[in-house]
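> First residue of the first sequence? That's 4 in our numbering, and the numbers climb one at a time after it.
In case anyone wonders, no lab produced these hints; they're calculated from the structure. Certain hints may be false.
Simulated restraints on C-beta separations [what the hints assert, rightly or not]:
#1 Pro412 - Glu263: 28 to 38 Å
#2 Tyr221 - Glu6: 29 to 39 Å
#3 Lys170 - Gly416: 28 to 38 Å
#4 Arg42 - Glu247: 28 to 38 Å
#5 Glu405 - Thr369: 45 to 55 Å
Using 16 Å as the maximum straight-line C-alpha spacing, the simulated EDC-like pairs for lysine to aspartate or glutamate come out as follows [claimed, not checked]:
#6 Lys313 - Glu204
#7 Lys300 - Asp189
#8 Lys23 - Glu145
#9 Lys217 - Glu263
#10 Lys215 - Glu102
#11 Lys175 - Asp151
#12 Lys52 - Glu88
#13 Lys52 - Asp91
#14 Lys87 - Asp123
#15 Lys170 - Glu145
#16 Lys87 - Glu47
#17 Lys205 - Glu244
#18 Lys345 - Glu121
#19 Lys205 - Asp225
#20 Lys313 - Glu405
#21 Lys170 - Glu148
#22 Lys217 - Glu102
#23 Lys175 - Glu405
#24 Lys215 - Glu263
#25 Lys135 - Glu400
#26 Lys141 - Asp151
#27 Lys23 - Asp91
#28 Lys266 - Asp189
#29 Lys141 - Glu400
#30 Lys303 - Asp189
#31 Lys66 - Asp49
#32 Lys345 - Asp270
#33 Lys141 - Asp401
#34 Lys23 - Asp123
#35 Lys175 - Asp154
#36 Lys205 - Asp243
#37 Lys217 - Glu204
#38 Lys8 - Glu97
Bear in mind the structure is a predicted one, so any value in this text is a computation, not a measurement. Glycine residues also receive a C-beta, built at the ideal position from the N, C-alpha and C atoms.
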Amino acid sequence: MLELKFVRNNPDAVRDALVKRNMGTEHLDRLIGLDKEWRQCLVEGDRLKQTRNRVTQEVARLKKEKKDAAAQIDEMRSINARIKEIDDRIRDIESGMQEILLNIPNIPSSTTPVGRDENDNPVIRVVGEPRKFGFPVKPHWEIAENLDIIDFQRAAKISGQGFAVYKGMGAKLERALISFMLDVHDRQGYVEVFPPVLMTEKAMIGTGQLPKFKEDMYACTDGFYLAPTAEVPVTNLYMDEYLEKLPVFHTAYTACFRREAGKHGQDTRGIIRQHQFNKVELVKFVRPETSYDELEKLTKDAEEILQLLKIPYRVISLCTGDLGFSAAKTYDIEAWVPAQGKYREISSCSNFESFQARRANIRYRTPEGPQFVHTLNGSGLAVGRTVVAVLENYQREDGSVEIPEVLRPYLHGATEIR
RNA sequence: GCCGAGGUACUCUAACGGUAAGGGACUGGUCUCGAAAACCAGCGGUCGCAAGGCCUUAGGAGUUCAAGUCUCCUCCUCGGCGCCA
4 MLELKFVRNN PDAVRDALVK RNMGTEHLDR LIGLDKEWRQ CLVEGDRLKQ
54 TRNRVTQEVA RLKKEKKDAA AQIDEMRSIN ARIKEIDDRI RDIESGMQEI
104 LLNIPNIPSS TTPVGRDEND NPVIRVVGEP RKFGFPVKPH WEIAENLDII
154 DFQRAAKISG QGFAVYKGMG AKLERALISF MLDVHDRQGY VEVFPPVLMT
204 EKAMIGTGQL PKFKEDMYAC TDGFYLAPTA EVPVTNLYMD EYLEKLPVFH
254 TAYTACFRRE AGKHGQDTRG IIRQHQFNKV ELVKFVRPET SYDELEKLTK
304 DAEEILQLLK IPYRVISLCT GDLGFSAAKT YDIEAWVPAQ GKYREISSCS
354 NFESFQARRA NIRYRTPEGP QFVHTLNGSG LAVGRTVVAV LENYQREDGS
404 VEIPEVLRPY LHGATEIR
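Let the sequences and hints guide you as you build the complete structure.
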């Protein structure tokens, strides 16, 4: 969320941001109008309240002196009625402004490339070289079903489309990847946490999933939402707190839940797009002046997983038209998927600046007073998509799959799946 | 789920129904060679160029001229009991 004062004082900057994101500006115009009316109401209401406070004091004084205060009490009745009217109007305006503010996206960083859509995302670097296969490559779902390590049929029976049951070496591989990723990030200095995934509405608002993206979330009874990413529980750990020592780095494994509304027909086969998937996340809370350096480091920390697994990938910078709602700058890491002959997103690393911290009220102290921290996060990595990358990049002609060396200690030394 | 006790600002802690007092921590200043102590000041939000004002006692509704205080509802925390993997 942007600060109302910021919008009031920099309407052109906000307008510019909306235009670069290909979004309309009519809500912004409405907000500016409401703000003006709001301040007018405040002035009138405050003046009446000042009168009320003064008269009320008189009443107290008169009563103490055992004098009659009927005239003053009578005067108050009409003033109170008018105050109520104005207060009601102020409340309406405030909820209107709040709703608009919650739906205005973050201002893109000046280093975020300007562009219309995903076709305008510049490639920052390409690492590793796609392997040359001397045989026709199979898509991961074919490899997995042939090896009997992922069961889509039975998953559909118990949960419907968009789910997978991992079995045998498939289940072990998923578990090995989670442990491997957490161990690497632990070594990189991230403190592991293992949080709940049932979230309150307030937490979902804190990181920006609500109110704008309600359709993409699973809502439970009792007012809970299923976290779509560990970003939600981990960032909100420090909701309404002062962080006494910065920076704070966390890594967390959680299951993630996404409705993928409006994504019918995309990646319907395989495990690239699932309603429930596993992810290891990286989250940072830092001082504003360091947040862009920290974004570079966080991205490299996520990349290290792919380097260790020896999977080719590239890093792109999301342009303004493709940038997520809460982010000021985002790097996507895309892993090479041989059967598709292209790079596919496996991690998204973002700097939110103070956008989430303002919503979730996460601050630190400075000599000039409380300041909002900057929050960052990135996948390190999406586990299911890493399984895709491993199966496809390490497949052999006979249908078996070699296990990357770094994972073997997590699989009792096994070297292949067959 | 039941019973009880609570929720005041970063923290702790006051306030006959009369308009939020104070300590600690923190920041700045005086003093000092320097530090500590002591003393002074600041230390919730918001409107305003300012003077100044308004709001703020977990959240909401009500009673009242006036609510931290009285009534009702909700939430959360801490005990105890029950149930449960």
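> A separate judgement is required for each hint: does it hold in the structure or not?
How the hints compare with the structure:
no.	hint	in the structure
1	Pro412 - Glu263: 28 to 38 Å	34 Å, holds
2	Tyr221 - Glu6: 29 to 39 Å	31 Å, holds
3	Lys170 - Gly416: 28 to 38 Å	21 Å, violated
4	Arg42 - Glu247: 28 to 38 Å	36 Å, holds
5	Glu405 - Thr369: 45 to 55 Å	52 Å, holds
6	Lys313 - Glu204	40 Å, violated
7	Lys300 - Asp189	14 Å, holds
8	Lys23 - Glu145	41 Å, violated
9	Lys217 - Glu263	11 Å, holds
10	Lys215 - Glu102	10 Å, holds
11	Lys175 - Asp151	13 Å, holds
12	Lys52 - Glu88	12 Å, holds
13	Lys52 - Asp91	14 Å, holds
14	Lys87 - Asp123	53 Å, violated
15	Lys170 - Glu145	15 Å, holds
16	Lys87 - Glu47	12 Å, holds
17	Lys205 - Glu244	15 Å, holds
18	Lys345 - Glu121	14 Å, holds
19	Lys205 - Asp225	13 Å, holds
20	Lys313 - Glu405	12 Å, holds
21	Lys170 - Glu148	10 Å, holds
22	Lys217 - Glu102	14 Å, holds
23	Lys175 - Glu405	14 Å, holds
24	Lys215 - Glu263	14 Å, holds
25	Lys135 - Glu400	12 Å, holds
26	Lys141 - Asp151	15 Å, holds
27	Lys23 - Asp91	36 Å, violated
28	Lys266 - Asp189	34 Å, violated
29	Lys141 - Glu400	9 Å, holds
30	Lys303 - Asp189	14 Å, holds
31	Lys66 - Asp49	26 Å, violated
32	Lys345 - Asp270	14 Å, holds
33	Lys141 - Asp401	11 Å, holds
34	Lys23 - Asp123	12 Å, holds
35	Lys175 - Asp154	14 Å, holds
36	Lys205 - Asp243	11 Å, holds
37	Lys217 - Glu204	10 Å, holds
38	Lys8 - Glu97	14 Å, holds
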